[in-house]
Amino acid sequence: EAGVTQFPSHSVIEKGQTVTLRCDPISGHDNLYWYRRVMGKEIKFLLHFVKESKQDESGMPNNRFLAERTGGTYSTLKVQPAELEDSGVYFCASSHSPGTGTNTEAFFGQGTRLTVV
Amino acid sequence: QKEVEQDPGPLSVPEGAIVSLNCTYSNSAFQYFMWYRQYSRKGPELLMYTYSSGNKEDGRFTAQVDKSSKYISLFIRDSQPSDSATYLCAMIGQAGTALIFGKGTTLSVSS
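Going down the list, the sequences are from chains A and B.
Under my numbering, the residues of the first sequence are numbered 2 to 118, in order.
Under my numbering, the residues of the second sequence are numbered 119 to 229, in order.
Hints are not guaranteed to be accurate.
[Said to hold, decoys possible] Calculated lysine-lysine pairs in the DSSO-like style (CA-CA distance at most 30 Å, straight line): (1) A:Lys55 x A:Lys42; (2) A:Lys42 x B:Lys185; (3) A:Lys45 x A:Lys79; (4) B:Lys160 x B:Lys120; (5) B:Lys160 x A:Lys16; (6) A:Lys52 x B:Lys185; (7) A:Lys45 x B:Lys160; (8) A:Lys79 x A:Lys52; (9) B:Lys120 x A:Lys79; (10) B:Lys174 x A:Lys42; (11) B:Lys120 x B:Lys185.
It is worth saying that the hints were derived from the structure and are not from the lab.
Next comes chain A alone, as it looks inside the complex (with noise of 0.2 Å):
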């Protein structure tokens, strides 16, 4: 079973740019979170969707950052336009949701690690 992937690996753009990260969960998973570890600070939760629909975005930090999830399948974050404190590892996990009878365990991807320069 392919795990959840993330695209780029990593990304260095400069002050003013726009980003786009991109996650493939795990086929199957209706639940996709996106994470944020900023230099020396714990990860930390963006948003949550549950297939297409945003369950929780409360961590978003601002409206330069934009998430979705075309069809309830992969989902892409664009950051626009970037700032420089918006550089960090950007963590995408799945998981499928409680209730189903499934493991409902959170599998992380390999994260973006971003630089704005």
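Starting from the structure of chain A, add chain B where the hints point.
Showing chain B alone in chain A's frame:
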């Protein structure tokens, strides 16, 4: 006060040592407690998962949860160089909701 506190270390031990990693938390609504292991340039990988208070053992790893003290621990017996990684505690109130992470403790096991 942060919701989850974890000493980032680093922690260095010789091969074969018993390692104790700990987290404290403030939110009494947390019911599910996890330990993730993260190798350099990789994503977090679930190691242990405990619901409510008690102990859980899996091979060389034992997870303990004391909800009355809001304190969780991960013990690693007979530590190996391959255990060198960052260990993250995480917790949630309800299944399916977002994980709240500690900062992670960096462990180095020398042969």
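Do the hints match the structure? See the list:
Pair hint lysine 55 of chain A plus lysine 42 of chain A holds up; C-alpha atoms about 25 Å apart against a cutoff of 30 Å. Taking the CA atoms of lysine 42 of chain A and lysine 185 of chain B, the gap is near 25 Å; set against the 30 Å cutoff, the hint holds. Between lysine 45 of chain A and lysine 79 of chain A, the direct Cα distance comes to roughly 17 Å. Compliance with the 30 Å bound is thereby established for this hinted pair. Of the supplied pair hints, the one linking lysine 160 of chain B and lysine 120 of chain B holds, its CA atoms being roughly 25 Å apart against a limit of 30 Å.
Simply put, lysine 160 of chain B and lysine 16 of chain A have alpha-carbon atoms about 26 Å apart, close enough for the 30 Å limit, and the pair holds. Simply put, lysine 52 of chain A and lysine 185 of chain B have alpha-carbon atoms about 33 Å apart, too far for the 30 Å limit, and the pair is violated. For the given pair, lysine 45 of chain A sits about 16 Å from lysine 160 of chain B by alpha-carbon distance, which is consistent with the 30 Å threshold. Taking the CA atoms of lysine 79 of chain A and lysine 52 of chain A, the gap is near 18 Å; set against the 30 Å cutoff, the hint holds.
Pair hint lysine 120 of chain B plus lysine 79 of chain A holds up; C-alpha atoms about 28 Å apart against a cutoff of 30 Å. Among the hinted pairs, lysine 174 of chain B with lysine 42 of chain A is consistent with the structure: their alpha-carbon atoms are about 28 Å apart, no more than 30 Å. Distance check on the hinted pair: lysine 120 of chain B and lysine 185 of chain B sit about 17 Å apart at the alpha-carbon level, within 30 Å; holds.
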